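Turn these sequences into a full structure, and let the hints guide you.
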Amino acid sequence: MRSFHSRWRGLFLFSLGIAISTTFIMQWLATDFWLDDKKFSILGLELFYSKRQLIDVFTQIKQPAKIALNYQLIFDFAFMTGIYPAIASFCMLVRENVRSRSYRNLLFALAMLQPVAWAFDITENIFLLAWMEKPEIGDDFSTYHNIVAAKWLIAVSGTLCAIILRIAKQAKKRHNRI
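Counting from 1, position 108 in the sequence shown corresponds to residue 479 in my numbering; the numbering is continuous, with no gaps.
Honestly, the hints are just simulated from the structure, not real lab data.
Just so you know, these numbers come straight off a predicted model, no measurement behind them.
Yeah, the Cβ is synthetic: ideal placement off N, Cα and C, and Gly gets one too.
Not one of these hints is a red herring.
Here are the computed lysine-lysine pairs in the DSS-like style, where the Cα-Cα straight-line distance is at most 25 Å:
#1 K410 x K433
#2 K410 x K505
#3 K437 x K505
#4 K433 x K422
#5 K409 x K422
#6 K437 x K409
#7 K505 x K422
#8 K505 x K433
#9 K422 x K410
#10 K410 x K437
#11 K437 x K422
#12 K505 x K409
#13 K433 x K409
Ranges of calculated distance between the beta carbons of each label pair, as one might list FRET restraints:
#14 F375 x A501: 39 to 45 Å
#15 K437 x A480: 37 to 43 Å
#16 K409 x A480: 39 to 45 Å
Structure below.
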């Protein structure tokens with residue numbers, strides 16, 4: 372029977388492979404993200420653009436940018452199948468090597484929250500795809516931004532906590548060898 376470590380490691384590597392490969396495709400699609408002579412970005416749509424800017428993008432977008440954005444959002448669903456399990460499994464891998472009960476609980480909680488971030492990401496894409504089809508944003512804009520902010524907070528917190536604790540563990544291990 373395989374150990375928990377090897378299972379988490381296998382899931383991490385497989386998921387990371389999906390995330391990396393879909394990132395290349397999405398980056399290639401993003402080269403067509405132009406609105407007249409001005410570049411726009413998926414991060415702008417998610418985090419930085421105002422309601423007015425989103426409406427402008429969705430009402431003025433033309434081919435090939437429109438089809439590229441549509442495919443980008445579709446490939447983002449595949450990216451999600453990689454990134455959130457990768458973050459969760461990374462948290463669990465680091466958790467195995469941490470002695471502090473508090474940090475172990477934190478990493479476990481962050482791993483278990485990744486499906487919530489995934490659900491928020493799915494919801495975000497549904498909003499964007501619907502607005503592409505019919506650019507009437509209405510009162511959903513603040514809900515959308517809260518969902519996006521929560522998704523990023525959960526995903527980045529899981530990633531950063533695991534990285535920081537992993538580095539701290541490695542530094543402590545090196546220090547003990549000296």
